[in-house]
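Chains A and B supply the protein sequences, listed in that same order.
Under the working numbering, the residue at position 50 of the first sequence is numbered 50, and the numbers go up by one with no gaps.
Under the working numbering, the residue at position 128 of the second sequence is numbered 128, and the numbers go up by one with no gaps.
There could be a bad hint or two in this list.
To be verified - Some chain A residues close to chain B (C-beta under 10 angstroms, calculated; not the full set):
id	residue
1	Leu9
2	Arg50
3	His51
Said to hold, decoys possible - With the C-beta cut set under 7 angstroms, the calculated list includes, among others, these residues of chain B facing chain A:
id	residue
4	Phe75
5	Ser76
6	Leu81
7	Tyr108
8	Ala114
9	Pro117
To be verified - Derived Cβ-Cβ restraints for the label pairs, each shown as a range:
id	chain 1	residue 1	chain 2	residue 2	range
10	B	Ser83	A	Asp19	46 to 52 angstroms
11	A	Leu33	B	Pro101	17 to 23 angstroms
12	A	Asp7	B	Leu86	14 to 20 angstroms
13	A	Glu64	B	Arg93	34 to 40 angstroms
14	A	Arg79	B	Ile37	22 to 28 angstroms
15	B	Arg93	A	Lys62	54 to 60 angstroms
Calculated from the structure, these hints are not laboratory results.
All C-beta atoms in this analysis are idealised placements derived from N, C-alpha and C, irrespective of residue type, glycine included.
Listed below, chain by chain, are the residues.
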Amino acid sequence: MDVAALDGLVRRQVIEPFDHRNFNADTDAFQDLVPTTENVAMEICSRLKRHWSAAFPGAWPKLEKIRIAETERNIFELRADEIE
Amino acid sequence: MDYFGEQRSLLMPGLAQMATVLQVNRLELNEMIKQEIVKNPALEESGDETSSEEVLPLPEPERGQAFHVTRRYAFSASHRLHSPQLSDDENRRVYGKCNNPFGHGHNYVMDVSARGPADGAHRPCGGRGGARRPGAAAGDRTV
């Protein structure tokens, strides 16, 4: 897998919009949605899915899932084919 | 950039061809094979129903075994769990201390998993033709 392509995608779609931000105040996605980590995972997964083909124009690789740990004990996993 | 120059020089012709061939669909592959036959008189088509495996027998490690690849990222952000559809009391009851008006933060750790054939390209470590990590230990494999 082209790791650089994945890094670029994650940087643009996740790190730049969300790192060192306040989900409630700083991000459009959570103006009407409570930013629980479940909802954050849905938003991130849908962003990656939406922009995947721009980063990976070929048939492979396919986005499979994301897994977000909010703390060491609270971990949320989401399969890409189970959301829009 | 130097980076691309180095990557290209490490891709052997067979591997580079495989990387191209793996990306095209069946129609494009047929077209590509026809063009190769026209360009190279030494080639001939053995039959109409040749699968891509028969056309291009790949050496064992380069056949594109499917992998699940996971890469880890970290970011920090703050939030307050508060629903405008609920009263303040209900918010406190549902979200507990996560409803406190000043919010709180997390150091999120996110794993992104993808699946696809091994392409041997662009691996920071381990794969063929990967860039070496700066300051890699002396015992690491030198490409």
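Hints, one by one, checked against the model:
1. Leu9: holds, 9 angstroms
2. Arg50: For A:Arg50, the interface hint is violated, since the closest Cβ of chain B sits about 14 angstroms away, which is over 10 angstroms.
3. His51: Result: violated, 12 angstroms to nearest chain B Cβ.
4. Phe75: At 4 angstroms from the nearest chain A Cβ, B:Phe75 passes the 7 angstroms test, so the hint holds.
5. Ser76: holds, 6 angstroms
6. Leu81: B:Leu81 check passes; min Cβ-Cβ to chain A is 6 angstroms, inside 7 angstroms.
7. Tyr108: holds, 6 angstroms
8. Ala114: With a minimum Cβ separation of about 4 angstroms from chain A (threshold 7 angstroms), the hint on B:Ala114 holds.
9. Pro117: holds, 6 angstroms
10. B:Ser83 with A:Asp19: 46 to 52 angstroms: violated, 25 angstroms
11. A:Leu33 with B:Pro101: 17 to 23 angstroms: holds, 19 angstroms
12. A:Asp7 with B:Leu86: 14 to 20 angstroms: Given about 39 angstroms between the Cβ atoms, the range is violated.
13. A:Glu64 with B:Arg93: 34 to 40 angstroms: holds, 37 angstroms
14. A:Arg79 with B:Ile37: 22 to 28 angstroms: violated, 43 angstroms
15. B:Arg93 with A:Lys62: 54 to 60 angstroms: violated, 42 angstroms
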